[in-house]
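Chain residues, written in single-letter form:
Number of protein chains: 2
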Amino acid sequence: MAAGSQGLLPLILGLMLCVLSPEGSQGGKLLVVPMDGSHWLSMVAVIQQLHQRGHEVVVVAPSSSVFIKEGAFYTLKKFPVPFQKEDIEAIFTGFGYGVFENEPFLQRVIKMYKGAKKNAAVLLSACSHLLHNEELMASLAAGGFEAVLTDPFLPCGPIVAQYLSLPAVYFLNGLPCSLDFRGTQCPSPPSYVPRSLSMNPDHMTFLQRVKNMLITFIEPFLCNAIYSWYASLASEVLWRDVTVQDLMSFGSIWLLRHDFVMQYPRPTMPNIVFIGGINCISQKPLSQEFEAYVNASGEHGIVVFSLGSMVSQIPEKKAMEIADALGKIPQTVLWRYTGSRPSNLANNTILVKWLPQNDLLGHPKARAFITHSGSHGIYEGICNGVPMVMMPLFGDQMDNAKRMESRGAGITLNVLDMTSDDLANALKAVINDKSYKENIMRLSSLHKDRPVEPLDLAVFWVEFVMRHKGAPHLRPAAHDLTWYQYHSLDVIGFLLAVVLVFTFIVFKCCVFGFRKCFRKKEHIKKTPKSKTH
Amino acid sequence: MAAGSQGLLPLILGLMLCVLSPEGSQGGKLLVVPMDGSHWLSMVAVIQQLHQRGHEVVVVAPSSSVFIKEGAFYTLKKFPVPFQKEDIEAIFTGFGYGVFENEPFLQRVIKMYKGAKKNAAVLLSACSHLLHNEELMASLAAGGFEAVLTDPFLPCGPIVAQYLSLPAVYFLNGLPCSLDFRGTQCPSPPSYVPRSLSMNPDHMTFLQRVKNMLITFIEPFLCNAIYSWYASLASEVLWRDVTVQDLMSFGSIWLLRHDFVMQYPRPTMPNIVFIGGINCISQKPLSQEFEAYVNASGEHGIVVFSLGSMVSQIPEKKAMEIADALGKIPQTVLWRYTGSRPSNLANNTILVKWLPQNDLLGHPKARAFITHSGSHGIYEGICNGVPMVMMPLFGDQMDNAKRMESRGAGITLNVLDMTSDDLANALKAVINDKSYKENIMRLSSLHKDRPVEPLDLAVFWVEFVMRHKGAPHLRPAAHDLTWYQYHSLDVIGFLLAVVLVFTFIVFKCCVFGFRKCFRKKEHIKKTPKSKTH
Chain U
257 MAAGSQGLLP LILGLMLCVL SPEGSQGGKL LVVPMDGSHW LSMVAVIQQL HQRGHEVVVV
317 APSSSVFIKE GAFYTLKKFP VPFQKEDIEA IFTGFGYGVF ENEPFLQRVI KMYKGAKKNA
377 AVLLSACSHL LHNEELMASL AAGGFEAVLT DPFLPCGPIV AQYLSLPAVY FLNGLPCSLD
437 FRGTQCPSPP SYVPRSLSMN PDHMTFLQRV KNMLITFIEP FLCNAIYSWY ASLASEVLWR
497 DVTVQDLMSF GSIWLLRHDF VMQYPRPTMP NIVFIGGINC ISQKPLSQEF EAYVNASGEH
557 GIVVFSLGSM VSQIPEKKAM EIADALGKIP QTVLWRYTGS RPSNLANNTI LVKWLPQNDL
617 LGHPKARAFI THSGSHGIYE GICNGVPMVM MPLFGDQMDN AKRMESRGAG ITLNVLDMTS
677 DDLANALKAV INDKSYKENI MRLSSLHKDR PVEPLDLAVF WVEFVMRHKG APHLRPAAHD
737 LTWYQYHSLD VIGFLLAVVL VFTFIVFKCC VFGFRKCFRK KEHIKKTPKS KTH
Chain E
257 MAAGSQGLLP LILGLMLCVL SPEGSQGGKL LVVPMDGSHW LSMVAVIQQL HQRGHEVVVV
317 APSSSVFIKE GAFYTLKKFP VPFQKEDIEA IFTGFGYGVF ENEPFLQRVI KMYKGAKKNA
377 AVLLSACSHL LHNEELMASL AAGGFEAVLT DPFLPCGPIV AQYLSLPAVY FLNGLPCSLD
437 FRGTQCPSPP SYVPRSLSMN PDHMTFLQRV KNMLITFIEP FLCNAIYSWY ASLASEVLWR
497 DVTVQDLMSF GSIWLLRHDF VMQYPRPTMP NIVFIGGINC ISQKPLSQEF EAYVNASGEH
557 GIVVFSLGSM VSQIPEKKAM EIADALGKIP QTVLWRYTGS RPSNLANNTI LVKWLPQNDL
617 LGHPKARAFI THSGSHGIYE GICNGVPMVM MPLFGDQMDN AKRMESRGAG ITLNVLDMTS
677 DDLANALKAV INDKSYKENI MRLSSLHKDR PVEPLDLAVF WVEFVMRHKG APHLRPAAHD
737 LTWYQYHSLD VIGFLLAVVL VFTFIVFKCC VFGFRKCFRK KEHIKKTPKS KTH
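Going line by line, the protein sequences match chains U and E.
Those letters in the first sequence? Residues 257 to 789, per our numbering, in order.
Those letters in the second sequence? Residues 257 to 789, per our numbering, in order.
FYI, nobody ran anything at the bench for these hints, they're computed from the structure.
Heads up, some of the hints might be wrong.
Claimed, not checked - Rough simulated footprint, nothing fancy, chain U against chain E, three-plus residues with beta-carbon under 8 Å:
#	stretch
1	723-737
2	747-754
To be verified - Listed next, the in silico DSS-like pairs over lysine-lysine satisfying Cα-Cα at most 27 Å (straight line):
#	chain 1	residue 1	chain 2	residue 2
3	U	LYS725	E	LYS658
4	E	LYS725	U	LYS658
5	U	LYS690	E	LYS725
Ideal Cβ positions, reconstructed from N, Cα and C, are used throughout, including at glycine.
Here chain U stands alone, though its shape is the one from the complex (with noise of 0.2 Å):
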């Protein structure tokens, strides 16, 4: 039986009714304070829907941006920082080539670490230029905005946002070290809430558990050296202590780009949206360049690989050792790759400087795609049902591989360790066992089975922040409260006193009571053999 129309016309005019809603009618004024990097490029997307409802978006970035550009539909205010785009393009590529040293764990960990620590150190400096930058924070005071949209990755937005005393909505894809979920006070049982970086599922073996266990312990620590230096900032600029805490809990909405087709389910909050996959929405026709490609590739079809925005060239050894494998599979490869051509290239791969890596994978010919596992590929991969063989490099990339791989949507390969013959039987395993295809199919279907579509919901929530100077009513009360009240530790400590208290009076008054008698007795005893004595 066919659906009745007519049940779909009240469903649609609804929806309507709510979105046409008559305060969401005007326009209003946004502040963005974005991330540069691959986090930025989804982002675009909400705001380009929010010019479009008639909203005027003002982009702060530093000078350096190398992402953000100006664009039609925001204004982009650029503020002098002491570096120059070229310094982060550098800082981008070395963590590229960092990634393929081939050092031992320990060595590589620490160094990636001090990479990290330097690298973010330019990044607050670029904060703080910001925040110090007395004519540009004057003219933000003054410009009428109504909220933030900012990502919290690094925390900047975050300040700016409590400076100029505006709700601030939080667009990210999950924060390091559990800081997501401190600061939505969201709870995550380590027994089944895999931390990140930890590679475990959310079904875990004990000693899985463990480890989850001795991650809680030392994140709080782990992320400190980065993070506490954001929380100083505030605390100079705002004129009060301010903790790292403090900044992440102050986001009113959560656009969290997550979804439980990907993401292990876990407990969440009401002030945390969901926006998976709203970086695949908007799909295009390929251009004359890509559709020949695409066309000459005939029966066999086309495989995807891109390692991501910010590594586009790798070491030549194991450029030539990818070159070798993808050589030996009969579907035409489409590789973004700006390094110099491997010398054994074989003819079915084509290098690019850059490909429509949404559009090629929508493309019925897509057989396979080659990632580095960063969220906006996977959500990539999963909207257009391709299976996947993932080459995680960094971050959250592992976590993101070991997942698809535990749904049976795709194959995670060691960049470092892999072999030729590793990457080309992958490929061909997830190009041709069926059940490849069957899974990401079937995740790709829930995917996309959703009653409001990811960037609509984004738009949404932003205008409701908007709208409603924050979202106090979605705040729980958890965040008025110590850790130990939190945890009832006080509360547990009295009732237990009450209790302690209570059992020894009971065995103090069993105690009188028992000599009493017993005396009495001894008494009643003695008396008797007295008398008859």
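Using the hints, position chain E against chain U.
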């Protein structure tokens, strides 16, 4: 600036595309196992919508049902039970009257508990008669249903769903004794999540937190008396050991009639969908009779008074007290009351056997709402922005009233202790003190500002479960852990043991080393002495 219409088009198209998804265009078969009473009234709107969208709905109910009657948009399958509709009506009336008996607190609680247990036994027997009705169960098994929609307040539906191996959607307003939290594995820290019947707010004093903790301790035992019957019945019918937790955790999606303008913000789970206010969407024009009453009320407007579907008459003395109070205000009072007319009833008070509550509250002349603060009534008050005088009678009504009072949207009265003046003063306050109106209008505007209407959301998720045969990707791994694994007690124990063993070894080594050193020194000290002497 007006919102650009070009921005709305893709938004609406996106929403339409989603609603019109190919999977959704096929009508399916849905089995509904409802609860009788007010619980049925909001569920029926979802059934109507599903019918309009092309689905075939079969409702199963005992022959004694009071509220569940034949309907144009579903097939009602009644099954025989050894009691009549009148017996159930007598239970409802007795429950209503019991509330007004002015006995000592403990006596009342014991009486209510005994009454509830007796009534629950009757309703359990209805469930048993359904499950042992071989002919009906066989016809249901052969019915080709895709899912079960049920209210698990008394968990007969969950047993039916498990018996038929069908995924279940739970539709409810919460469960007593935190069974909803346990059923969804949703954390609920007692430090800020008030327990039902505690009348605590979310920001609690120390003593309120102690009370909350004590209730948390005794909750599992409180409800066991009634709910364990269903576990036994399920174990018998399903031929395996079934616990109450098993019955509750079977729900694929929990459609919870909550909204955070009324409930305090607290953790939630991915398979919990909030549809609070679902009962007050469809507003119809008033009948001639009620239109006439409202028009005749003049500038003072009307007050709507109802104690809910279960309590339509109260003891005469209390009715006279109330009638006296109602005569002291200039508004016209429409009072749903089926008892004998109080002799002191004033001219401004009109007794009616039934009233279109939501439609009357939606009239611009509605000035106040006297309610027993059942969840349906409260949401109708919020939707329509009408301040309330609340007289909670039983169950969650005390909590609902306290919540609305804490938000400044109404005044709570103790129906047993209140005098005629108390009621008159409360009515005058909520009508004349502008803050009550402002507060309820603020709540109303927050409540109605949502991306999808609750009815559409409920319909979407029922269809989702029908399409995908459940929602396993939203089921947390917590369901597969024992209680000590969930709380990581085994891991903590293991880590403590490791630390203790390590400390012990270090201590022993130190002692050993110390002794060695000490003896050596003593030896050295002694040796020179012997040499010098």
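Honestly, which of those hints from before does the structure not fit?
none
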